[in-house]
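Number of protein chains: 2
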Amino acid sequence: MAGRPSFAEAFPDANTAHMDNRNTSVSIITIGDELLIGQTVDTNSAWMARALNDIGFWVQRRVAVGDERDAIWRALDEEAAQSRVILITGGLGPTADDITKPVLCQYFGGRMVVDEGALANVQHIFQLLNRPLIERNLKQAEVPDVCTVIPNRRGTAPGMWFEKDGRVFVSMPGVPHEMKGMMEGHVLPVLEERFRPTPVVHRTLLTAGIGESFLAERIRDFELTLPRNIKLAYLPSYGMVRLRLTGRGGDARMEAELQAEFDMLKQLVTDVLVTDEDKGLPQVVGDILDGRGQTLSTAESCTGGYIGHLITSVPGASRYYLGGAVAYANDVKMRLADVRPATLAAHGAVSRETVLEMAHGIRRRTGSDFAIATSGILGPDGGTPEKPVGTVWVGLSAEGREAASHFHFRFDRQRNAELAANHGLNALRKFILA
Amino acid sequence: MAGRPSFAEAFPDANTAHMDNRNTSVSIITIGDELLIGQTVDTNSAWMARALNDIGFWVQRRVAVGDERDAIWRALDEEAAQSRVILITGGLGPTADDITKPVLCQYFGGRMVVDEGALANVQHIFQLLNRPLIERNLKQAEVPDVCTVIPNRRGTAPGMWFEKDGRVFVSMPGVPHEMKGMMEGHVLPVLEERFRPTPVVHRTLLTAGIGESFLAERIRDFELTLPRNIKLAYLPSYGMVRLRLTGRGGDARMEAELQAEFDMLKQLVTDVLVTDEDKGLPQVVGDILDGRGQTLSTAESCTGGYIGHLITSVPGASRYYLGGAVAYANDVKMRLADVRPATLAAHGAVSRETVLEMAHGIRRRTGSDFAIATSGILGPDGGTPEKPVGTVWVGLSAEGREAASHFHFRFDRQRNAELAANHGLNALRKFILA
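Sequence order for the protein chains is C and B.
With the numbering used here applied, the first sequence corresponds to residues 176 to 609, in that order.
With the numbering used here applied, the second sequence corresponds to residues 176 to 609, in that order.
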């Protein structure tokens, strides 16, 4: 790369805001061939980043490497050169390709010993499962003698805490709920106590029905005049954009300033605002229903149960969600949601008339206050010139009221389903509030 | 890190199999603060890795950095030192925090110019959307004059192909379907043509009902005697483990060898084998039903529509899936799935008796050949001493036949739902084949 200017030469005015707090910079290293061959989507890193961010740590890099000694070694070297805290997940399983532990042992110059606590834990778990303990599993109780063991209450592989040259290295299993248990029970509190990061405060709002670029245009002046210690992030997903203000400082003055900026931002997006809290659309809809003591049912054709799944992903959904029909086949639309054969014959399954009858039908059957119905063609096949792939109708029903919306999505089956569910839930939200 | 042995000293016998093919090594760089604050899960990298792997490229590192000039610059330097191909996604949006393009322009020593093709594309898309074109969007048609433009048929941000010192750098938008369109339409074919990687062949099978460590124990001898050019990967997820053999070479001899090893592996796991093809459980169940010309309905309580969603995620599901009920409230279990009030009173909603009545009821109502029903307590609340959180019953019905299974999951709500759906679908598969 000869002749290329250095970074400092190229960007004399570079934004170094993220570097203010070197003390709280974190790198996440994820280890496992399964991440590099694409069989596993890494959800751990996002969860860890959010949890760290909430207590004032800044994740500056995330690196994924395979189950290969030199790749792990090099990643440890590189990240240690940049971050104070290096969190490592994966590669601690009982199979031959899990080599993280011996590599860490060598890296930190230790030797493997049996940890009595970890051994008792492995024995306890196998007793609970009523399964024979094999040699391979006993190996999981071995740790380098240069680490502090972090107990794993949810699995057999212990966590390991290393320190070297003022840096903290923590190795945890890649199994999400085991990693989360260790982070919440041990790693996060100890890191917070140890590094005392500058607290950060987030305020988040959710918009729907406006594209990222139009939103950016609308709030450009607001963004340009934000104080230095408050940062705006755009987080778009499936027809919605989340806006997040993050304030650094943690004192009452900063919090008041953040609140004032947040109120201003809300004013600017009031017509497209879904919620000014950090929660998803299913929770927003659920909270509205819960607050009113009203109930909901669903009659899903093209979304196949996905809206029901989203609604029931919220704990306590049984207080307001009754259930409904997955009215996939036309026959089931008639049998479980009382759509009339004549309606299907005259207008087809993907029509305003059909989704309204589905919504009214399921509401009457379940006795709910509100009902939402979907019918559409998500692809890749099944489109016609009049009703191409991506056509979706959403019907809404309440006592003496109805509404229907029509969408046309241009994506693949999975994404069209996500969009149909989100747009449907947002239409339902407006319908309930109308 | 003084005093630490070098990698070569520490591991004189290091496994360098992955390094055989330096010519086809790839790094993926993902750019965006949203990845570092944990608001977005990176699904792009897994998709890209899989697509690259399928044509013989090896992703050796994945790195995520923020929208920060020096972090991007450093990542470009580091990955160029290790890989021949560097694929970059994200940071090309229209908002102020998207700085990838100017940084790349400077990195490769170019200047920004308007690309006529990209401009026409932006104008075309806004015309389609019937929206006014704003300055911010026009900017998206600007590219460094030192790149080859990759057309984006699914969005406004063009892709950019750079070459330097024998390395290829490709920058693409972070929006998944835009990235995928560019990869499939341009990047993958050109990389394949250019680098002619050694072909790889994968053979994958799916097991259920056996833990990773027991599976590893069972196939240890098989694994130890695998030829050097064939590699085994364990890919566990939610109660299932996928086993993948990858052969490198691409000639008929290697393929025959791979097939022989795969047949041997199948023999070893025959009792827990779900499928010997690379497909998911919903597709396996669907294919069985489709092949027999039989149909399925669902009556879901605790899974809230998730099983229906999984089944309808497979294109063509309407050939065998009729739909059913989301019987969340007890009242809906009675109204839509004909559960008797006496059964609920005597045994409760989470019981063998109730799920069997649900399954029989929905099967009769829909006229399907098979039906699956679920009822359980996924948490975090609602558990009792007799039926703690995680208790799930699955009921199955066919003409003159029934079966019920009972599970106890120990995780959080989301994971319990995944496990209930997967275990339920696997029980259904066995029930259909019985």
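Note that these hints are calculated values from the structure, not bench results.
Heads up, some of the hints might be wrong.
Simulated restraints on C-beta separations [what the hints assert, rightly or not]:
{"hint": "1", "chain 1": "C", "residue 1": "Arg585", "chain 2": "B", "residue 2": "Ile309", "range": "35 to 45 Å"}
{"hint": "2", "chain 1": "B", "residue 1": "Arg393", "chain 2": "C", "residue 2": "Asn305", "range": "10 to 20 Å"}
{"hint": "3", "chain 1": "C", "residue 1": "Met439", "chain 2": "B", "residue 2": "Glu368", "range": "51 to 61 Å"}
{"hint": "4", "chain 1": "B", "residue 1": "Pro307", "chain 2": "C", "residue 2": "Asp396", "range": "31 to 41 Å"}
{"hint": "5", "chain 1": "B", "residue 1": "Leu308", "chain 2": "C", "residue 2": "Thr559", "range": "43 to 53 Å"}
{"hint": "6", "chain 1": "B", "residue 1": "Lys441", "chain 2": "C", "residue 2": "Gly468", "range": "53 to 63 Å"}
{"hint": "7", "chain 1": "C", "residue 1": "Gln434", "chain 2": "B", "residue 2": "Asp556", "range": "30 to 40 Å"}
{"hint": "8", "chain 1": "B", "residue 1": "Leu448", "chain 2": "C", "residue 2": "Leu308", "range": "55 to 65 Å"}
{"hint": "9", "chain 1": "C", "residue 1": "Asp340", "chain 2": "B", "residue 2": "Leu608", "range": "52 to 62 Å"}
{"hint": "10", "chain 1": "C", "residue 1": "Gly468", "chain 2": "B", "residue 2": "Arg576", "range": "37 to 47 Å"}
{"hint": "11", "chain 1": "B", "residue 1": "Asp252", "chain 2": "C", "residue 2": "Gln469", "range": "21 to 31 Å"}
{"hint": "12", "chain 1": "C", "residue 1": "Arg428", "chain 2": "B", "residue 2": "His522", "range": "55 to 65 Å"}
C-beta: ideal position from N, C-alpha, C; glycine also.
Any hints this thing doesn't respect? Which numbers, in order? 1, 4, 5, 8 and 11
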